[in-house]
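Student: One letter stands for each residue in the lines below.
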Amino acid sequence: MPNYQLLNDLSKIKGTSGDESLIANFLHNYISKRISEFKVIPDIYYGEEFHDCLLLKFGNPQTAVFAHIDTIGFMVRYNNQLIPIGGPEAETGYILEGEDDLGPIRCKLIENDGALYHDFPRAIARGTRLSFANPWTIDEDFISGPYLDNKLGIYNALELCETIENGWIVFSTYEEHGGGSLPYLLHFIQQTAPIKHALISDITWVTDGVQHHEGVVISIRDRHIPRKKFIDRIIALAKESGIPFQLEVEANGSSDGREIQFSPYLIDWCFIGAPEDHVHSPHEKVSLKDLETMTAMYQYLVRHL
Amino acid sequence: MPNYQLLNDLSKIKGTSGDESLIANFLHNYISKRISEFKVIPDIYYGEEFHDCLLLKFGNPQTAVFAHIDTIGFMVRYNNQLIPIGGPEAETGYILEGEDDLGPIRCKLIENDGALYHDFPRAIARGTRLSFANPWTIDEDFISGPYLDNKLGIYNALELCETIENGWIVFSTYEEHGGGSLPYLLHFIQQTAPIKHALISDITWVTDGVQHHEGVVISIRDRHIPRKKFIDRIIALAKESGIPFQLEVEANGSSDGREIQFSPYLIDWCFIGAPEDHVHSPHEKVSLKDLETMTAMYQYLVRHL
Amino acid sequence: MPNYQLLNDLSKIKGTSGDESLIANFLHNYISKRISEFKVIPDIYYGEEFHDCLLLKFGNPQTAVFAHIDTIGFMVRYNNQLIPIGGPEAETGYILEGEDDLGPIRCKLIENDGALYHDFPRAIARGTRLSFANPWTIDEDFISGPYLDNKLGIYNALELCETIENGWIVFSTYEEHGGGSLPYLLHFIQQTAPIKHALISDITWVTDGVQHHEGVVISIRDRHIPRKKFIDRIIALAKESGIPFQLEVEANGSSDGREIQFSPYLIDWCFIGAPEDHVHSPHEKVSLKDLETMTAMYQYLVRHL
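Chains as they are written, first to last, in this note's numbering: chain R, 2 to 306; chain F, 2 to 306; chain W, 2 to 306.
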């Protein structure tokens with residue numbers, strides 16, 4: 002059964018790329034409260050020196066799990082114009098929320114031939130960030146709402162904190178808008194307690210080869226191609242685990258794995274996460290069963306890699 | 002009042018991306034002559050070990066100012082064809098200059114359905130670099146001519162040398178053609194005297210939200226998004242300073258800030274510069290008032306960050 | 002006269018980006034057999050710590066030669082779909098080969114409005130990699146077949162092993178699909194025995210300025226622009242050598258040079274290789290004379306740089 006309280010808390014926090022301080026602060030508070038219950042007490046790396054990232058080192062790591070904490074959204078330009086942060090779906094009528102010096106903002110998105118506007122009655126300060134306003138809904142089969150990508154990846158990483166014995170759990174920033182925190186995080190990890198493997202705790206796509214309720218997705222590739230030897234090993238372990246999973250093969254899409262691929266360290270990586278449909282819209286939708294197999298698979302892999 | 006002599010000298014030096022040795026040499030000579038008048042004598046890093054870059058370390062730095070020294074232009078291919086260096090405007094009739102083993106070259110650019118040619122009567126050696134030939138004009142309100150981007154960013158950095166007490170001033174290469182010097186420069190800086198902040202001394206765009214004569218531009222974002230916490234601090238300092246400034250929010254465009262964002266160091270960055278119109282053409286145009294507020298803002302920020 | 006045995010052996014090994022273990026293993030075996038005949042015995046860096054890369058350090062290096070060992074190809078997605086690895090030519094009728102858990106595969110490629118399929122009678126396992134099946138043919142003037150890019154770059158590097166006294170020879174992975182091994186390789190090299198120059202041993206294009214039989218190509222630029230000072234020095238040495246060569250100026254195309262350009266080290270680089278036509282098809286074609294001048298030019302440059 003999912004941790005409804007944690008899901009509920011995560012659903013309420015806004016944090017577009019470059020503005021992750023609220024979610025980082027939430028994570029720090031949550032971990033501080035839970036830490037005494039963790040099987041292994043981790044070292045915590047957090048604070049201005051780490052910008053809005055947070056790292057946990059459990060035991061003697063060989064593997065790191067990365068969950069990005071930023072979301073897509075919109076930024077106010079001039080004359081009611083909006084420009085995207087990351088790659089949001091943009092349909093007229095979507096409800097957006099934010100805040101500037103004059104107070105809270107709630108408005109509608111207007112899409113006109115690719116150009117984006119808001120309909121707020123007053124001017125909004127330049128650079129103000131707006132996010133989808135919709136609340137989440139959870140029924141017996143599905144969770145839906147905005148920013149399941151990557152609130153559920155964060156959820157998975159937090160659940161893993163409870164039982165992990167050896168490994169890094171890393172909360173990264175900027176992933177939705179081209180990245181930028183991984184180069185530092187990898188540098189810090191390799192200086193502090195180096196790893197050989199990385200798992201990307203993120204949400205992927207329902208497609209013609211990947212369906213709801215069929216289990217967590219192990220991605221053989223997206224726009225980038227992890228090393229075959231490592232993927233073969235992950236798939237062999239996944240089969241051993243008995244946990245349902247699906248294999249993904251995509252030509253597009255990217256993740257924090259990209260920056261591991263291009264880092265100056267030879268770290269094997271693999272994207273593993275539940276699939277969603279209505280990606281980057283206010284109506285992202287993930288199967289609870291797929292979420293459950295995601296957390297189970299991470300427990301298994303981190304122990305056996 | 003601007004330093005007309007320095008502007009005049011800067012206007013005369015050609016240096017497309019990858020061929021910055023003349024401008025680097027000019028900077029080294031200029032700094033060598035002026036250095037005894039500087040408030041603080043910097044350490045100078047220059048020479049073959051630094052390729053065509055130049056770094057100055059003043060006092061105990063927390064902040065670095067980056068000014069790229071390369072320009073856009075054209076390279077001769079085969080059969081009178083030209084290909085771009087960076088992203089130049091290309092209109093038939095623009096006058097280009099350069100030199101190959103057979104002597105100096107002055108010719109016209111011909112644009113035909115996206116393909117570019119020169120009209121020089123003889124073949125030009127493969128790989129020869131051509132630049133816009135136009136001289137600058139300066140009147141009471143405006144400076145105009147080619148390569149204000151980034152000769153004025155260099156000018157601003159050189160003016161700052163006179164009074165800066167603590168900080169790096171860094172002259173980078175290759176910015177117009179995808180970058181490539183920043184990764185080394187940042188590595189060197191962080192090994193030598195590490196920084197927390199970077200200001201990008203470069204020229205931006207007049208748009209529907211940014212006008213001539215309204216003051217230096219502080220960019221909240223371009224294609225890349227600096228960290229909100231840092232931009233908020235810059236804007237707060239800018240307000241304190243009393244110096245006129247404008248806020249920019251753009252979906253496109255990039256600068257040396259990009260390579261800071263993707264570096265393995267957590268360095269906050271912000272692009273601050275005067276706006277121009279007719280970008281990357283032979284007729285770039287910048288308000289003298291905006292240039293003046295640019296130099297004033299850099300003096301203030303480097304002291305107060 | 003070319004080393005027909007080595008060419009023949011190289012032609013038989015498959016290895017798309019991310020799956021380079023067979024070719025790396027071949028190289029290790031080949032070098033182990035030949036090493037006692039080398040003029041200088043190199044240090045060999047190979048094994049799981051280096052993923053599927055291999056490095057050789059001869060004497061006291063100033064220069065490194067990079068040859069990528071991966072090839073383009075195709076990966077099986079769902080429902081008989083294929084997606085590209087790197088940028089292969091894709092025409093209906095091309096014969097593809099590979100293997101999955103159920104056995105060897107030989108099938109035809111079908112291209113339909115940009116979408117790619119195979120015609121194998123049974124389903125192929127997701128993530129299976131397919132390569133062009135054609136054998137090479139060698140006559141008096143030309144060598145032709147798939148993957149001359151970069152089997153001939155590897156060939157050139159192996160021939161160079163016989164006589165090189167000082168320098169790194171480096172076999173890299175992933176080049177055809179965005180790169181990713183160079184950042185590590187450069188880091189390792191600079192920690193172990195740092196270099197100032199790099200030569201990219203790879204195959205380029207026959208164009209309206211570059212012809213078969215006219216000699217090895219020295220590339221003044223492709224999508225990226227190496228530093229002019231270094232290219233000028235290479236061209237001066239090439240003239241001294243008396244070996245026939247051609248100068249290339251291209252707006253597009255890229256190589257391992259890209260990752261050197263964007264690395265945190267100031268290493269000058271230059272692409273030098275024979276040209277081919279029918280690039281990334283099953284019918285790549287290279288002049289034997291151009292291949293011969295390629296190996297001669299590398300011998301000369303590595304000695305004189």
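By construction, these hints were calculated from the structure, which means they are not laboratory data. Heads up, a few of these hints could be off.
[Stated by the list, open to error] Taking lysine-lysine and the DSSO-like style, the derived pairs with C-alpha atoms no more than 30 angstroms apart in a straight line are:
id : chain 1 : residue 1 : chain 2 : residue 2
1  : W       : K229      : F       : K13
2  : F       : K13       : R       : K109
3  : F       : K229      : R       : K34
Just so you know, these numbers come straight off a predicted model, no measurement behind them.
Student: All hints are to be evaluated individually against the structure, with a verdict given for each.
Tutor: Hint check:
For the hint pairing K229/W with K13/F, the CA-to-CA distance comes to about 20 angstroms; that is within 30 angstroms, so the pair holds. With a C-alpha separation of about 52 angstroms, the suggested pairing of K13/F with K109/R is violated against the 30 angstroms cut-off. Our distance criterion of 30 angstroms between C-alpha atoms is met by K229/F and K34/R, whose separation comes to about 28 angstroms.
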